[in-house]
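So the sequence lines, in the order shown, correspond to chains A and B.
First residue of the first sequence? That's 1 in the working numbering, and the numbers climb one at a time after it.
First residue of the second sequence? That's 1 in the working numbering, and the numbers climb one at a time after it.
None of these hints come from the bench; they were simulated from the model.
Glycine included, every Cβ here is placed at the ideal spot set by N, Cα and C.
Watch out, some of these pointers could steer you wrong.
Unchecked claim - Here are the simulated BS3-like cross-link-like pairs (lysine-lysine), alpha carbons at most 25 Å apart as the crow flies: (1) B:K21 x A:K73; (2) B:K104 x B:K85; (3) A:K46 x A:K12; (4) B:K68 x B:K85; (5) A:K12 x A:K24; (6) B:K21 x A:K46.
Stated by the list, open to error - Here chain A is said to cover these stretches of chain B; the calculated rule only asks that three of the stretch's residues, wherever they fall, bring their Cβ under 8 Å from a Cβ of chain A: (7) 145–151; (8) 195–207.
What the hints assert, rightly or not - Chain A residues, not near chain B, derived (Cβ > 12 Å throughout): (9) V49; (10) G84; (11) K92; (12) T95.
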Amino acid sequence: MRIDADEPPEAKELINTIWEAVTKLYGEHGASLTSMALITYNADAKTAVIRTSLETLNQLRAAIATITAIRNKEAAVHVDAVSGTIKALAQKLQTQNVTQHKA
Amino acid sequence: MRRTFTDLHVYADLRSADTAKFLSKAAELGYTLVAVSLPPTQLTQQVEALRKLASTFNLDAAVRVDLKPRSTGELTQSLRRLRRKCEVIAVTCESKEVARQAAKDRRVDLLNFQSFDSRRRFFDHAEAELARQGLAALEVDVAHLLMVSGSARVRLLACLRREVQLAKAFNVPIILSSGAPNPRLLRKPREMAALASLFSLGEMEALDAVSTNPAGIVKRNREKLSPEFVAPGIRLIKEGKDC
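Chain A on its own, in the form it takes in the complex:
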């Protein structure tokens, strides 16, 4: 995920915002089905990797898309890539970066 904000939020603030968005949209039961967890967060690059179950991927994508603020400051979170394993995700992102660079 890429965080589009003027100042990078702290990891806790980011994950709390995502949980809040999921709970608001799908309720506590829906949120519990996502098995969501923050894997890595790079505040300088404003990128994060989160884990979720495949069944709730689309719900999580929708919930993340509804985020318009973090810490009451205007922000957006975009999903850059989705993959089954961290290794494949890294490869996917690398390919994306090379393609963007060429373009």
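Assemble chain B onto chain A, guided by the hints.
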């Protein structure tokens, strides 16, 4: 074949720096074609500047006009004046009469309902039937969903679900647009599709609503606006004495 994505509703004021921000953000998020809403009075002056600016971001820009007529007469008058000047015409329907006229007029591309009150949204059976006979598509601005929360969002989702069901039943094309008043409210095409699942639009239908459906409208209108166009199905291929 790889999908290319289109956002038919980008607000812009070419006199401010926001337009460049909007266009660069749209390109960054993966769109290749955007329709920028311009004020009808400044169409001729701003079109060239817009296309030039969009090309710096490798974007194809189409010109869109948003009409908000108070009467059917005002609508037909505006359509007569503007149809040959822009690629996309959207009508914000604020009364039933305007909504009905817009749905049956083949010069209208998009029907937009902005009210959060279900009684002020006029996309019902009759409207869908008229839209099917005409060429108008139902436009859903995703930004509205992002800007509200709580009961207002619940009501809006219920309205959108009903309208989308009707549009599907009557084969009225659905268009997902950003309609974002600031660049941070722009979303990636797949994020728009995920949000569309909230009002029961399937994944493939939602992806069509941000790719083939809107691109088809621009393509159709560009053909009509080209000097070779004579009538639907008739194009000028060659002219001169040797024809």
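Hints and how they fare:
1. B:K21 x A:K73: Satisfied, since the Cα-Cα distance of roughly 19 Å is no more than 25 Å.
2. B:K104 x B:K85: holds (20 Å)
3. A:K46 x A:K12: Holds: K46 of chain A and K12 of chain A sit about 14 Å apart, inside 25 Å.
4. B:K68 x B:K85: Distance of about 17 Å is within 25 Å: holds.
5. A:K12 x A:K24: holds (18 Å)
6. B:K21 x A:K46: holds (19 Å)
7. 145–151: The restraint on the segment 145–151 of chain B holds, since 4 of its residues have a Cβ under 8 Å from chain A and three suffice.
8. 195–207: Result for this restraint: holds, n = 4.
9. V49: Holds: least Cβ distance 17 Å, greater than 12 Å.
10. G84: Given that every Cβ of chain B is farther than 12 Å from that of G84 of chain A, nearest at about 17 Å, it holds.
11. K92: holds (14 Å)
12. T95: Holds: least Cβ distance 14 Å, greater than 12 Å.
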